[in-house]
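Asker: Which chain is which? The protein sequence lines are A and B, in order.
Each number in this note's numbering comes from the position in the first sequence (counting from 1) with 873 added on.
Each number in this note's numbering comes from the position in the second sequence (counting from 1) with 38 added on.
Just so you know, these hints were derived from the structure itself, not from any lab.
Take the hints with a grain of salt, since some may be wrong.
What the hints assert, rightly or not - Derived list of chain A stretches under chain B, where covered just means 3 residues or more per stretch with a C-beta under 8 Å from a C-beta of chain B: (1) 894-904; (2) 909-923; (3) 1060-1066; (4) 1115-1121.
In this text, a Cβ means the ideal position worked out from N, Cα and C, and glycines have one as well.
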Amino acid sequence: MPHIWCPGCGHGIVLGALLRAVERMELDRNSVVMVSGIGCSSRIEGYADFHTLHTLHGRALAFATGVKLARPELTMLVPMGDGDALAIGGNHFIHAARRNIDMTAIIMNNLTYGMTGGQSSPLSACGEYATTAPYGTLEQPFDAVALATAAGATFVARSTTYHVQELSRIFEQAIRHKGFSVVEVLSQCPTYYGRKNHKGDAVEMMEWYRDNTIPFSSPESPDGKIRTGVFSDVDKPEYCASYADMAGALAREGEKGGDGR
Amino acid sequence: MTDAVEKKTADDIRFLQGNEVCAEAALYAGLRFFAGYPITPSTEIAERLSERLPRIGGRFIQMEDEIGSLCAVIGASLTGAKAMTATSGPGFSLMQEAIGFAVMAEIPCVIIDVQRGGPSTGLPTRAAQGDVMQARWGTHGDHAIVALTASNHQDLFRIVVEAFNFSEVFRSPVIVLLDEVVGHMREKIRLPAPGEIELSERLTTSVPGGVDYHPYFPREDGRLPMSDFGGVHRYNVTGLVHDMWGFPSDRPAVANDLVHHLYNKIENRTESLLLYREYHLEDADTVLISYGASARSALHIMENRRAVGMRIGLLELQTLWPFPEELVRQKCRKARFVIVVEMNMGQIVREVKAAVDEPERVFLANRVDGTMITPTDIKNVMRIIEGKGV
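Please construct the entire structure, taking both the sequences and the accompanying hints into account.
Answerer: Put into structure tokens, the structure is as follows:
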């Protein structure tokens, strides 16, 4: 089908894995809302047959918070780019995690701002090249898993476009999880990040993910490799449910004869 | 919480703060979702709604910043809820991008800006009316906007209800410009009974599930029926220029039509959006034009000068945008002098000069020191214009 992604872009793999997860779960499409930000990643919502909302750069989680709090029964999928989620969107990211509001944040991390031509992002590795880092980036990247966990996310996972079967299973777990789920997907931008940093073509970039990641549960020492898998999956009070409980308690108190104004 | 001085009688008379009036009026209009961030002098709106909303099945959330607040409001509105936020100058500046999104995606919502001294952090606890032009042009790109204001609590209640009505009818964000004086002062108000002020409900599509629904295809009367997120129609909403299905398009014909549509749906319907009060304009040869807290002083000096025989009248604007050009032109036709009274360096006065037949007859009486413009300030300007000195 016609779409805006380059040949070799990893985002199509993410879309496929996500849609297969939703299909396996047999979710009613009318109960699913996909909210994205701005960037190549965020164009994903235009290719999905749900209630779709293409918002502002960095603000997907804020829009999604409004949708979810108003209609808590809806399933919220929030795919975002790496800069979209953790640069301009960083504040909304940590607060949505802190609230543990029930939605699935998907960080489609291709280590660059692809739509605008390949600038460095807060997830680009130090020393690598980008159009705004012609001599190499000077900054250290975020560890999105650590950031999400520290901020309070209750389901945190990482996978890659190479590990597409695992990715789809992780998506299913993340969506089922009642609370703020974060799935970081290591993806490839062969057009900009890959080309500028001599990473090879899309296949080579995905094979690099195969060779340089190690499951979280592995007994082996990571030895510089990137950990993947489910890092945490815990149960804590979810925001909308807490609000509903509070409202219910107020209603019962009102019934007992208080002057509720 | 506050309201220790509220008393209920058969006619629901209250003594409320302007911000509290905003909250009550919004609830009267059907508000069920508020997201906001504390900022002086608007915080009381959030505080009151944090208490009232969960008791009536609504939802309140204090977001991490003003940007997130308006974004959450827009998200909630898409599910069918009447939604609002409230802020002041610095927060209003932050919200501009999201206001543009609501304009572009045609999503009803209300934004209250309780203006304070600016620019920047300015005078958080002092009055000004410096955000008028920002309300019109703050968000980038060609667009139209609706902005309302009021000078007293009885009118303020109605204005806030009308803001919700206009936002639904025109599928647009509506800005309510208050100022710190009206927002923080306490005044007697009779709360309207249910049904006393007509409400405009969300126009939802009659297209049944399973049949193609076009979110951006106007009906014959120009209105665009909506469908709730979570309902039977799945469609796309974006801030990109889009076709009638809501999907992005960069075709020139689509872009041209959309920009004209967003502009014309408001600018061609100014008479339906026009709210104002007039006092003694029939025989006035001095016309005062004012709005918000400034209008209270203008009203006072007008009545004071009338009592000594001066032929003076007041046009109190309640709709600031779209600017009522034709109304102003008509009301000023026979005036010798037109004096625009506002607490800024002259924002509405520019619109008045552009609207009237003889702009050289238009003068500005203003004050920008954070204190309320007084009747004496206005009288002094009148005396200078008449060559009498102060």
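Asker: Just pull the numbers of the violated hints for me, sorted ascending.
Answerer: 3
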